[in-house]
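Using the sequences and the accompanying hints, generate a full structural model.
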Amino acid sequence: MNRRTKFLAGGGVIAAALAYMIYAGVTQSAVYFVTPAELQAAPVPGKAYRLGGVVARGSLKWEARTLDLSFALSDGKATVPVRHKGTPPDLFGEGRGAVVEGSWSPEGYFKASLILAKHSEEYKAPHDGGQAGYKELIKTLKGESR
Amino acid sequence: MIPEVGGGAAFAALALAVWGAVAAAVGGRTGRVALVESAQHAALAVFVLVTACFALLTYAFLAFDFSVRYVATNTNLGTPFYYRITGVWGALEGSIILWTWMLALFTLLVILRHRESARELYPWVLTVMLAVIGFFLLVMTVAAPPFERLTPAPANGRGLNPLLEDTGMITHPVALYLGFTGLTVPFAFALAALIAGRVGDAWITMTRRWTIVAWYFLSLGLLIGGWWSYHVLGWGGYWAWDPVENAAFMPWLTATAFLHSVMIQERRRMLKLWNIALVILTFGLTLFGTFLTRSGVIASVHAFTQGTIGILFLSFLAVVLLTALGLLAWRWDALRAQGELDSIVSRESAFLLNNVLLVAATFTVFFGTVFPLLSEAARGVKVSVGAPFFNQVNVPLFLSLVFLMGVGPLIAWRRASPDNLRRNFVLPVAAGVLAAAAFFTLGVRSALALLALALTVFVAGTIAVDVVRATRARLRMGERVLPALGGLLLRHNRRYGGFVVHLGILIITLGVTGSHAWSVQTETTLRRGEAAELAGYRVRFDGLTATEESNHFKVAGTFTVSNGRVVGVLRPAKKFYPQEQSPIAYVDYRLGLKEDVYLVLGDFARDGSQATVKVQVNRLVSWIWIGGLVLTLGTLLAILPERKKAA
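Here the protein sequences come in this chain order: A and B.
Note that the first sequence covers residues 7 to 152 in the working numbering.
Note that the second sequence covers residues 396 to 1042 in the working numbering.
Simulated from the structure, these hints should not be mistaken for laboratory data.
Ideal placement from N, C-alpha and C gives every residue a C-beta, glycine not left out.
Any given hint could be a false lead.
Chain A is faced by these chain B residues, among others (derived, beta-carbon under 10 Å) [unchecked claim]:
{"no.": "1", "residue": "Asp737"}
{"no.": "2", "residue": "Ser744"}
{"no.": "3", "residue": "Ser770"}
{"no.": "4", "residue": "Val776"}
{"no.": "5", "residue": "Val778"}
{"no.": "6", "residue": "Val780"}
{"no.": "7", "residue": "Leu792"}
{"no.": "8", "residue": "Leu794"}
{"no.": "9", "residue": "Leu846"}
{"no.": "10", "residue": "Val982"}
{"no.": "11", "residue": "Tyr984"}
{"no.": "12", "residue": "Arg985"}
{"no.": "13", "residue": "Thr1007"}
Rendered as structure tokens:
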């Protein structure tokens, strides 16, 4: 085996290892963006989802002593109950958009491990409650990657 | 009036930059010196005009000129003086000015430094630099005009994003932009080398310091960004694989690869094509990063304004890449390597592997960052990969790079003999293995942490072996220890500067390993007088206080932290800004070499009877910042003018 072949073989091994690592990484840590309607249509327990919607009015319950947070996320078509352990983030509230990451529990609720608050540099001045349409909101929420 | 002057200056600068680029190119082609001189004057005028734009915008901020839209958006009457100045580059329009200004400054420095020395390359370097400035001025005049009027002018502005009210606001963007713009210089020289057909080592030798300095500022920008995230954003981390972080990290990776691969070209006349390609890739990635952050295709913590600007950057990126590819094809024959790899066990192949791994890491970061776009385009579902993906794929790559950091500088060129390997690596390997065993008996069970620690000790060992050997050689010449060591560092400052930078990276590795392996946290709600316990610390809630600050209202919790004795009183808070719909968390912490105690105030009862607090004990994080300081020292040493060896 001459030098050139050796180097090519070495390069091939590295490329294959890299391809495998990327493949394994993607399959293990892929998170699917879904809306409440999409999730409710076909929930797969254990699969990692990122669920975006609007926190339904009157659904938010926060128990400070036990850190139990529960609310419902809605996209106008379907409503999904969500439970989380921890303080609600700063930008969180009823009637506002939220993205949660977690999985579907067989007991019939979405178990959130993370609530994503949107920090945006270009933020809005306080406006007079003009709520963006669900569609527009979902679109921006799904566009979020973190 | 003043805003119109500023807008006019930007247009004039654009015209002059275009003229300068063309004049320098024609001058370079025909050899007419007068045209090149005219381009120099144009570059000087561009610098003056952009400086004027910058000064006028700053004036508008200081004078609260809310008739300027940008001022009204990013400041208000309550904004403190300091943040009115940093607010100038707090958003898109101003940051483009800052970027352009730095480019103009670098162009001026290139003129001062290389006017005589760069010869055939010089006119083309000017052309490329001015063309890049021209593009940014185009963005400034067309897509993001900073001096646009707002009618009617509001009585008060909106105010700076509260998250940007931090001392990091001056250092973080400035360092990052110095890094990004600095990388334009080697890029300009590389293109000039291709155009002039002088693809030898001249451009590499001339840009060596430029690249190191740009790389340093990029590193600094990333580290300060990490520090900012750690002490402002309140999630207790310094790196989140956020798309914008990735955007700055990718050019850092390729620039690091370039810093190493040029050494092979200088020494063995190999990798000419690779080096030029790396510089082009690096510059392309800085544009891509800007596109990514400014276009809104991928939202992130940093997501800036959306608009036409993304298209502009993407088009410019395409123009740059196509031009570069065309030039590469044109000069293909001249780019053939003269040397050849002799053996796999050699310094060349260690460096080559380092480059392959760095580019592989760049690719994985790129892939992970644009994955949501790819999956949506390919399958119609939006799928993202988060931090687990980046960690899983990059940790093995980075650990291999740490290993190579120990091998590369000591292994012999061409072909390493068994004796060379024995002499250099037996002791460090033994030290690494012993360290792993020692940490294992101390109770470290994470295989990854053990591996990282062993590798760190191994690399530190190789540095020690080299320094000790070289100092001994000088001692035999009759020098004393300290002068011998000092002489070594100064005479071979490039090599030992590199070692010190490596040491800085090792220290950062230690901090990252420690914080990942051993940090702990808990979240709990405490009544007044109650305490939470974590990792030997007691955190007692003593009550809430509310204060009125110049531009916000602040509710702070008082927590007494003790571990046997009182460590300190921490006051994490929530800040309520009138222009913000939600409060902003303000974390408080006690930093330490071994661990940081870090508190984030969550929810609280309005009567102050109870508060929810997140307590984190973050291990070894301080070493990341210390590593940054060491990195700074190493860079300084590496860019000192090389001394002539004593005869």
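Do the hints match the structure? See the list:
Here the hint on aspartate 737 (chain B) is kept, as its CB sits about 8 Å from the closest CB of chain A, short of 10 Å. A cut of 10 Å between beta carbons decides the hint on serine 744 (chain B): the least distance to chain A is about 8 Å, and the hint holds. Here the hint on serine 770 (chain B) is kept, as its CB sits about 8 Å from the closest CB of chain A, short of 10 Å. Of the supplied interface hints, the one on valine 776 (chain B) holds, with its beta-carbon coming within about 6 Å of a beta-carbon of chain A, less than 10 Å.
The restraint placing valine 778 (chain B) at the interface with chain A holds, with a minimum CB-CB distance near 5 Å, inside the 10 Å limit. The closest approach between the C-beta of valine 780 (chain B) and any C-beta of chain A is roughly 5 Å, which is under the 10 Å cut-off, so the hint is satisfied. For leucine 792 (chain B), the suggested interface contact is upheld, since its CB lies about 8 Å from the closest CB of chain A, less than 10 Å. With 10 Å as the threshold, the beta carbon of leucine 794 (chain B) stays out of range of chain A, its nearest partner Cβ sitting at about 13 Å, so the hint is violated.
Hint on leucine 846 (chain B) is violated. Least Cβ distance to chain A is approximately 16 Å, over the 10 Å limit. Hint status for valine 982 (chain B): violated, given a least beta-carbon distance of 12 Å to chain A, over 10 Å. For tyrosine 984 (chain B), the shortest C-beta to C-beta distance to chain A is roughly 18 Å, which exceeds 10 Å, and the interface hint is violated. Because the smallest distance between the Cβ of arginine 985 (chain B) and any Cβ of chain A comes to about 21 Å, over 10 Å, the interface hint for this residue is violated.
Nearest Cβ of chain A to the Cβ of threonine 1007 (chain B): about 5 Å, under the 10 Å cut. The hint holds.
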